[in-house]
Amino acid sequence: MPSWDAYYLRICRHVASRSKDPNTQIGCVIVGPAHEIRSTGYNSF
Numbered sequence: 285m286p287s288w289d290a291y292y293l294r295i296c297r298h299v300a301s302r303s304k305d306p307n308t309q310i311g312c313v314i315v316g317p318a319h320e321i322r323s324t325g326y327n328s329f
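Residue numbers (my numbering): 285 to 329.
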């Protein structure tokens, strides 16, 4: 089983893939103290 960090980094990469910017794709995952995902986001034009 992957560590929590590895798990959230995979989610972050998936979220980043939604960006329409072909050169810079940034994803973000905000996680609470009980390891719950509170929010996600990505860059756009």
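What the hints contain is simulated information worked out from the structure, not anything from laboratory work. A virtual CB, placed ideally from N, CA and C, is assigned to each residue, including glycine. Incorrect hints may appear among the rest.
[As the list claims (entries may be wrong)] The following label-pair restraints were derived from C-beta to C-beta distances:
| no. | residue 1 | residue 2 | range |
| --- | --- | --- | --- |
| 1 | A290 | R322 | 14 to 22 Å |
| 2 | R297 | R322 | 28 to 36 Å |
| 3 | F329 | S287 | 17 to 25 Å |
| 4 | A290 | G316 | 16 to 24 Å |
Outcome of range test on Cβ distance (A290, R322; 14 to 22 Å):
holds, 19 Å
Range first: 28 to 36 Å. Now tell me if the beta carbons of R297 and R322 are that far apart.
For R322 against R297, whose Cβ atoms are near 18 Å apart, the range 28 to 36 Å is violated.
Just tell me: holds or violated, for the beta carbon distance of A290 and G316 against 16 to 24 Å?
Taking Cβ atoms as reference, A290 and G316 lie about 18 Å apart, which means the hint holds.
Hint check for S287 and F329 - Cβ pair distance inside 17 to 25 Å:
Between F329 and S287, where Cβ atoms are some 34 Å apart, the hint is violated.
In this structure, the earlier hints numbered 2 and 3 are contradicted, and the remaining ones agree with it.
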